[in-house]
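Chains as they are written, first to last, in my numbering: chain A, 1 to 416; chain B, 1 to 416.
Please keep in mind that the hints were generated in silico from the structure rather than gathered at the bench.
Hints may be right or wrong, so weigh each one.
Any copy will do: because identical chains look the same in the list, a pair fits if it lies in one copy or spans two.
Capping the alpha-carbon separation at 25 Å, the derived lysine to any residue pairs in SDA-like fashion look like this [stated by the list, open to error]:
#, residue 1, residue 2
1, K178, Q211
2, K205, L412
3, K75, L409
4, K270, H87
5, K188, K270
6, K150, P243
7, K285, G395
8, K48, T25
9, K188, P278
10, K150, P179
11, K188, D277
12, K205, T25
13, K178, P278
14, K75, P30
15, K150, A191
16, K136, D214
17, K75, N289
18, K188, K285
19, K150, M128
20, K178, P243
21, K188, T10
22, K188, P279
23, K188, P147
24, K285, F187
25, K205, V66
26, K188, V280
27, K48, H391
28, K270, D384
29, K178, D140
Just so it is clear, the structure is predicted and the values come from calculations on it, not from any experiment.
Number of protein chains: 2
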Amino acid sequence: MDSWIDTTLTPDFSIHNLPFGIFSTIGSLPRPGVAIGDKIVDLQALHKTGCLHHLQIPAETLDQRVLNPLISLGKSTTNQLRLQLQHWLSAHHDNPLRHNAHVLVNRRDAAMHLPVAVGDYTDFYASMDHATNVGKMFRDPDNALLPNWKHLPVGYHGRASSIVVSGTSIHRPYGQVKPPTASAPVFKPSARLDFELEVAMVLGKENPLGQPIDIQHSEDYIFGYVLFNDWSARDIQAWEYVPLGPFLGKNFGSSVSPWIVTTEALSKFKVNGQVQDPPVLPYLKENGNTHYDIELSVYIKPDGGREAQVCRTNLSYMYWSPGQMLAHHTSNGCNLRVGDLLASGTISGPEPHQFGSMLELSWSGSRPIDLGQGIHRHFLEDHDTVTMRGHAVQGTVSLGFGEVTGQILPSLPWRG
Amino acid sequence: MDSWIDTTLTPDFSIHNLPFGIFSTIGSLPRPGVAIGDKIVDLQALHKTGCLHHLQIPAETLDQRVLNPLISLGKSTTNQLRLQLQHWLSAHHDNPLRHNAHVLVNRRDAAMHLPVAVGDYTDFYASMDHATNVGKMFRDPDNALLPNWKHLPVGYHGRASSIVVSGTSIHRPYGQVKPPTASAPVFKPSARLDFELEVAMVLGKENPLGQPIDIQHSEDYIFGYVLFNDWSARDIQAWEYVPLGPFLGKNFGSSVSPWIVTTEALSKFKVNGQVQDPPVLPYLKENGNTHYDIELSVYIKPDGGREAQVCRTNLSYMYWSPGQMLAHHTSNGCNLRVGDLLASGTISGPEPHQFGSMLELSWSGSRPIDLGQGIHRHFLEDHDTVTMRGHAVQGTVSLGFGEVTGQILPSLPWRG
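Just chain A, with the same shape it has in the complex (with noise of 0.2 Å):
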């Protein structure tokens, strides 16, 4: 299956993919828009032409800034309506997407936006790797991994309204750390900042609360999934954490990528994951394949230089898998609303070009990153830029994430 738009050079936005994002151009209101290539069919545009009418999708849910209305429609929906386009996008006959040109709009000529409202956002703690590597290094290197995490996907509850797209800056966060030797905290500048590389769900149905989510069922309930960076201050972190978890060394900014690629379009790429030893219990048990075989990288471009890559992994690599993270959450009956953001933790492999986090590349602090050209990091400085990026392929298939970037600027002036 090919388009009659050309994506040979935005392998990306394939004929197979066609992801849901929310997009603007110059003097008019963000809106709902599917990616082909180096375009983006305009939904509200194309609906207004009257080709969509059969499948009754109500003009109201495109007249909107972010994608919740458009995806409470349900997969019913959204899948006919991917399908529809998927046909007029590659079909070589007359369609309303042929000889509409202007429901296309150029990507380059396009804003992105944050595609959802995000309710709430959890983060998980899903990569054994990495949780061995923070275990290692911060308690026990003997015994890294503490009881609970083989038995259960940990997670916790992030911070939503600080979820930005792709592109938006950073700036550098104030915080509490407390240098080892000192014996008070002091109030500064973060000088151990870090990205976390992550994929998330982005949640299509909603459960009502009381009501668990069966895990040969949790397909139904994920729309799609996102590129996220968890941007991270480690020595905030550090200090804070204990007893109730990471705060305001997470909640200055995460970034998403600003297409969601849709569980369907995924389904091409699914595999199995490792053996769970010890079994899980009965409600986190999965039939058939569990896990997505994607490959992801992460890019640090420093100011003014070229763009190095820092991490080369595979979501492949996860412990637990989306469906029991969606199972886990919800087995007390905990509610899940459309647009809310499921994350899963930090993504590393066993190797060490396949960690993802700063954290871990550096062995906290002890082991130079090299970027060529002689530069070398251990954790962010001002002005880098940090794009992660995405892709799958099964023999003539492939699609992508785009990517997900952000650049860190210095601290401002304290005003607090």
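Chain A is already provided as a structure; the job is to place chain B on it using the hints.
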């Protein structure tokens, strides 16, 4: 000052209070109101009489199921509205409230709803007595407080989706628990279900991402306060919470009182808190009275039995003030939004009858809590109803929060 509406039987809703909430009557949609005695001023109906014209409140802010749009107009508007109502409700001459009887709804005819759409909910851990009790029980009796505790108000992010209004029943949650003698966890209904007595601030003004709030301006951002019961499953919490904090042990439900008591109504009850030693860092230093003198009490009503008081404490026992929580939360640039809740964490006092949770009252299940009538509890049993109340008195001026109540229902048959 007194009202021509009799408030002697409902002293919580005196002329000095005038809290804001969302109510509905049979056949009508939820809408904003202000409580006085056994009445509610229907703000939508009052606005339609034209008598609020001088306050420039857009009609659409009152045509809403939540208070966020009204609160977003700012304190200059909502304070004026409250003072205007106070004037009309206390003035004996003819005025719009006296000659428009239809704008006064009987509270007994109204159903109350969640007053705000909560964007993010943060829970602090700001009572030293509570933190010390928990530290003694679970860590080290001689070093109950962790090193960071007196330097910053420890807090974490909670779940916004499962916040419910007073009167909503909560099903006993399932979860993973690990009995001390077992080698592996089991999945079953919680056997250590608890309440937590808390008070939550409702945010009334946002700060942009990256811009901390100066502690001297913190009151500008706090619209008001509600009672908050942060239901907790101690057995689920104990197994899951290391290292990222509480998750499923807390996020199956949190209950709020329906009426938001404004910061201005509470200003008469400000007192100073205890001396903070060691002194706090400059960004947490505050002038004037920082705390509130509010009596708080908790009651348990067994199925078919009488309500028994199990806790009587005071908000003034808190170590950290509301202003300190707000300033710390935003010190890294974290943005707060209108409707966000910042809860205090369990409010305990120094005496055993002042402990704000059953975990402390029963000392981790080792001491029975006497409910009278020969009934005892260690933790909550099915069909128990928990009610929390709050009152403030200063000379002839008094007001209260009404109550937050909720009943525990048995676990639903497992269907996850």
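Outcome of the hint check:
1. K178 to Q211: between (43 Å within a copy, 23 Å between copies)
2. K205 to L412: between (40 Å within a copy, 21 Å between copies)
3. K75 to L409: Cα proximity of K75 and L409: none, with 40 Å in one copy and 33 Å across.
4. K270 to H87: within (23 Å within a copy, 67 Å between copies)
5. K188 to K270: Answer is neither: 45 Å inside a copy and 31 Å across each miss the 25 Å cutoff.
6. K150 to P243: Close inside one copy (21 Å) and across copies (14 Å); limit 25 Å.
7. K285 to G395: neither (30 Å within a copy, 62 Å between copies)
8. K48 to T25: Only inside one copy: K48 and T25 sit 18 Å apart there, 39 Å across copies, limit 25 Å.
9. K188 to P278: For K188 and P278, the Cα distance is within 25 Å only across copies (19 Å; inside one copy 44 Å).
10. K150 to P179: between (33 Å within a copy, 17 Å between copies)
11. K188 to D277: Between copies, since 21 Å is at most 25 Å while 44 Å is not.
12. K205 to T25: neither (29 Å within a copy, 30 Å between copies)
13. K178 to P278: So K178 and P278 pass the 25 Å test across copies only (15 Å; inside, 38 Å).
14. K75 to P30: Result: close within a single copy only, 23 Å intra versus 30 Å inter.
15. K150 to A191: Result: close only across copies, 23 Å inter versus 33 Å intra.
16. K136 to D214: neither (34 Å within a copy, 39 Å between copies)
17. K75 to N289: Within one copy only: 21 Å inside, 54 Å across.
18. K188 to K285: Classified as between; 16 Å across copies, 46 Å inside a copy.
19. K150 to M128: within (9 Å within a copy, 34 Å between copies)
20. K178 to P243: both (16 Å within a copy, 19 Å between copies)
21. K188 to T10: neither (43 Å within a copy, 50 Å between copies)
22. K188 to P279: For K188 and P279, only the inter-copy Cα distance (17 Å) is at most 25 Å; the intra-copy one is 46 Å.
23. K188 to P147: The answer is between: 19 Å across copies meets 25 Å, while 35 Å in one copy does not.
24. K285 to F187: The answer is between: 13 Å across copies meets 25 Å, while 46 Å in one copy does not.
25. K205 to V66: both (15 Å within a copy, 23 Å between copies)
26. K188 to V280: Between copies, since 14 Å is at most 25 Å while 44 Å is not.
27. K48 to H391: neither (33 Å within a copy, 57 Å between copies)
28. K270 to D384: Answer is neither: 34 Å inside a copy and 47 Å across each miss the 25 Å cutoff.
29. K178 to D140: Answer is both; intra-copy 21 Å and inter-copy 22 Å each pass.
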